[in-house]
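Using the sequences and the hints given, assemble the complete structure.
Residue numbers (the working numbering), protein chains in the order written: chain A, 38 to 360; chain B, 2 to 324.
Hints should not be assumed to be uniformly reliable.
[Said to hold, decoys possible] Below, computed lysine-lysine pairings styled on DSS-like, alpha-carbon distance capped at 30 Å:
| no. | chain 1 | residue 1 | chain 2 | residue 2 |
| --- | --- | --- | --- | --- |
| 1 | B | K138 | A | K299 |
| 2 | A | K307 | B | K34 |
| 3 | A | K307 | B | K257 |
| 4 | B | K138 | A | K307 |
| 5 | B | K33 | B | K119 |
| 6 | B | K33 | B | K317 |
| 7 | A | K307 | B | K317 |
| 8 | A | K126 | A | K63 |
| 9 | B | K119 | A | K299 |
| 10 | A | K258 | A | K307 |
| 11 | A | K299 | B | K34 |
| 12 | A | K63 | A | K343 |
| 13 | A | K258 | B | K257 |
| 14 | B | K18 | B | K119 |
| 15 | A | K126 | A | K161 |
| 16 | A | K189 | B | K123 |
| 17 | A | K299 | B | K257 |
| 18 | A | K299 | B | K18 |
Because the hints were derived from the structure by calculation, they are not lab data.
Because the structure is a prediction, the values reported are computed rather than measured.
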Amino acid sequence: MNVPIIETKNVEMRFALPTHFLSRQKPVLHALSGVSIAIEPGESFCVVGESGCGKTTLGRAIMGLLTPSAGEIYFRGTRIDQLDESARKPIRADMQMVFQNPYASLNPRRNVFDTLAEPIRHLKPEMNHAEIRAQVEDVLDATGCDQSWQRKLPHEFSGGQRQRIAIARALVTNPAFIVADEPISALDVSIQAQILNLLTDLQETRGLTYLFITHDLSVVKHFGTRVAVMYLGQVMELARAEDIFARPKHPYTRLLLDAIPKLTGGSFDKPRQPGELPDPVNPPPGCPFAPRCSMVQDRCRSERPKLRPIANSATQAACHFAD
Amino acid sequence: MALLEVTDLHVAFPRGKHHEVEALRGVSLSLKKGERLGIVGESGAGKSMLAFAILNLIAEPGRVSQGAIRFDGQNLLEMSEHDIRGIRGNRISMIFQDPMVTLNPVLTIGTQMVETLKAHRKISTHEARRLSIEKLKLVAIPSAESRLDAYPHELSGGLRQRVVIAIALLTDPEIIIADEPTTALDVTIQAEIMALILQLCRDRDMALILITHDLGVVAEVTERLMIMYAGLCVEEGPTQRIINAPTHPYSNGLLKALPQNSERGQDLYQIPGSMPPITALPSGCAYHPRCEFATERCHVSAPDLVNGIACFHPLKADAKAPA
Numbered sequence: 038m039n040v041p042i043i044e045t046k047n048v049e050m051r052f053a054l055p056t057h058f059l060s061r062q063k064p065v066l067h068a069l070s071g072v073s074i075a076i077e078p079g080e081s082f083c084v085v086g087e088s089g090c091g092k093t094t095l096g097r098a099i100m101g102l103l104t105p106s107a108g109e110i111y112f113r114g115t116r117i118d119q120l121d122e123s124a125r126k127p128i129r130a131d132m133q134m135v136f137q138n139p140y141a142s143l144n145p146r147r148n149v150f151d152t153l154a155e156p157i158r159h160l161k162p163e164m165n166h167a168e169i170r171a172q173v174e175d176v177l178d179a180t181g182c183d184q185s186w187q188r189k190l191p192h193e194f195s196g197g198q199r200q201r202i203a204i205a206r207a208l209v210t211n212p213a214f215i216v217a218d219e220p221i222s223a224l225d226v227s228i229q230a231q232i233l234n235l236l237t238d239l240q241e242t243r244g245l246t247y248l249f250i251t252h253d254l255s256v257v258k259h260f261g262t263r264v265a266v267m268y269l270g271q272v273m274e275l276a277r278a279e280d281i282f283a284r285p286k287h288p289y290t291r292l293l294l295d296a297i298p299k300l301t302g303g304s305f306d307k308p309r310q311p312g313e314l315p316d317p318v319n320p321p322p323g324c325p326f327a328p329r330c331s332m333v334q335d336r337c338r339s340e341r342p343k344l345r346p347i348a349n350s351a352t353q354a355a356c357h358f359a360d
Numbered sequence: 002m003a004l005l006e007v008t009d010l011h012v013a014f015p016r017g018k019h020h021e022v023e024a025l026r027g028v029s030l031s032l033k034k035g036e037r038l039g040i041v042g043e044s045g046a047g048k049s050m051l052a053f054a055i056l057n058l059i060a061e062p063g064r065v066s067q068g069a070i071r072f073d074g075q076n077l078l079e080m081s082e083h084d085i086r087g088i089r090g091n092r093i094s095m096i097f098q099d100p101m102v103t104l105n106p107v108l109t110i111g112t113q114m115v116e117t118l119k120a121h122r123k124i125s126t127h128e129a130r131r132l133s134i135e136k137l138k139l140v141a142i143p144s145a146e147s148r149l150d151a152y153p154h155e156l157s158g159g160l161r162q163r164v165v166i167a168i169a170l171l172t173d174p175e176i177i178i179a180d181e182p183t184t185a186l187d188v189t190i191q192a193e194i195m196a197l198i199l200q201l202c203r204d205r206d207m208a209l210i211l212i213t214h215d216l217g218v219v220a221e222v223t224e225r226l227m228i229m230y231a232g233l234c235v236e237e238g239p240t241q242r243i244i245n246a247p248t249h250p251y252s253n254g255l256l257k258a259l260p261q262n263s264e265r266g267q268d269l270y271q272i273p274g275s276m277p278p279i280t281a282l283p284s285g286c287a288y289h290p291r292c293e294f295a296t297e298r299c300h301v302s303a304p305d306l307v308n309g310i311a312c313f314h315p316l317k318a319d320a321k322a323p324a
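Shown next as structure tokens:
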């Protein structure tokens, strides 16, 4: 079997919340509790979930922007979560990130050429100016940007053009793996399709592997190979993209699918009860989804289900009663 | 007779000392009692501007330069600020995108609801509180009595938006204008809120103007649909007819670009380019630079909205179209 390009083993992320200095309580927010995923080369691995489920935290932990409280992260079989800044530097060129909001992720005072040259200068100091220039021109072509953009500043571009520049910046060091955190949510519908097509084309021409973080399941259906559905810092279901739509196993996945507005209409006709995420500082002892679950039993409130393979399928689900 | 009738509405903003640009370039709509109308467009198409104009809320230096807005026989544009307050927030209510911005963070929910009621009705505080609790129960807020003394930050995003809806319903309005009411919310919460709005409109025979960029949401909730592009309505008609058989190339492009509407593994259909800013509109039809059917005529003159379509080369309604 191939070595996964990215593997996480029981990654935990806890944040201590600010407290009053006299307070005895030390509240801790569990952003990730025991996340284990393995991403194979060439995949478009999607992470879906609602806000606060830990999907962005997972992406940031893999990129090394956050250090896990416990657990291990591997890149091509090498453990990377404990590396210090200088030891990590050679790997950084291989792993890059695209952020949600291209209005915030580009430095407004830096022109496109400098934005794109910066990662090369930092991560590949051996390259001379001519090589950097050639690399920048190459990546601008690959992402559908015009060469005349090089001397322009971000405010001269529309949202879709900015996101192309952000993608070009991620590609300029020739990475193998890209974390894309909601790369199309801030864009208009007609622009979303342009960016999704660009990401698909780049995957084919450059052999990229994606970790695609999104809240939109319809994007997963079109784009993803496998998908992890997260809820309150845990993976609730791990499945092939086509299976998650045809045969969802976890009740939470079914709730998510049911909530997608359909072009045929009619699925919002019944009133729905208000549901909300439990407090991540004091998570319930059992299944985090138990308070909203329609098939909840006593066992769910006391015992937290582990991610387990479901019989006769390639899916894993964290539910006592999934089958 | 229509409850609300907007005819040939133009909204202009000054540009330089002697020039003006138009954010709305002649939009008409009519809304019957109890009818649900969706307005869809990309950011900058003028859909929020239309909502603000209907409520006479266009801020300086912008102004309504032409047109009429008739509500129940009166022209809202010719009414005094005092008279329009009897309609705005009373007979026409509005729900905005972000409940955290709509609600005052330093006042309790109860104070804000009582204040709203007392501004429009001569009633006692006690009676106002009773009515407020009634409306909170109507929007399915659990333990409504105790929530009256809660501050907005103590509620989750979904509950906050339910409170905003309860406030909009306080005066039993005839029209609700909802401007992207669920864009800031998660998908499962969006489904709850939209199902609630749909149910309330049906039960109370309330008209709805739903402004959104999400075609799935309008398909679920509305009966009639307006597609806006660059300050104009380009197509108007029954929601399911447009979604199944769009006749304007832009509506067609928007629908084809949705990931739901394309095969897995194939490129998404993409509309080239992006919507022009109102300061740099092309000649003729504003959509012609992006349109695959554009001819010489489209460069020169702009098509009028005739029979719900503003295009010289409308697409043939295909076999899927209902009779």
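Right, here's what the structure says about each hint:
1. B:K138 / A:K299: Given that 30 Å is the threshold and the Cα spacing comes to 28 Å, the pair holds.
2. A:K307 / B:K34: Distance of about 22 Å is within 30 Å: holds.
3. A:K307 / B:K257: holds (28 Å)
4. B:K138 / A:K307: Since the Cα atoms of B:K138 and A:K307 sit roughly 17 Å apart, the hinted pair holds (cutoff 30 Å).
5. B:K33 / B:K119: Distance ~29 Å between B:K33 and B:K119 Cα, so the pair holds.
6. B:K33 / B:K317: holds (29 Å)
7. A:K307 / B:K317: violated (35 Å)
8. A:K126 / A:K63: Not OK: A:K126 and A:K63 at ~35 Å, beyond 30 Å, violated.
9. B:K119 / A:K299: violated (40 Å)
10. A:K258 / A:K307: Measuring from Cα to Cα gives roughly 25 Å; hence the hint holds.
11. A:K299 / B:K34: At roughly 26 Å apart (the allowed maximum being 30 Å), B:K34 and A:K299 satisfy the hint.
12. A:K63 / A:K343: holds (27 Å)
13. A:K258 / B:K257: holds (15 Å)
14. B:K18 / B:K119: It is violated: about 43 Å lies between the C-alpha atoms, which goes past 30 Å.
15. A:K126 / A:K161: It holds: about 9 Å lies between the C-alpha atoms, which stays within 30 Å.
16. A:K189 / B:K123: violated (60 Å)
17. A:K299 / B:K257: holds (15 Å)
18. A:K299 / B:K18: Violated - the C-alpha atoms of B:K18 and A:K299 are around 48 Å apart, more than 30 Å.
Of the hints listed earlier, those the structure fails to meet are numbers 7, 8, 9, 14, 16 and 18, in rising order.
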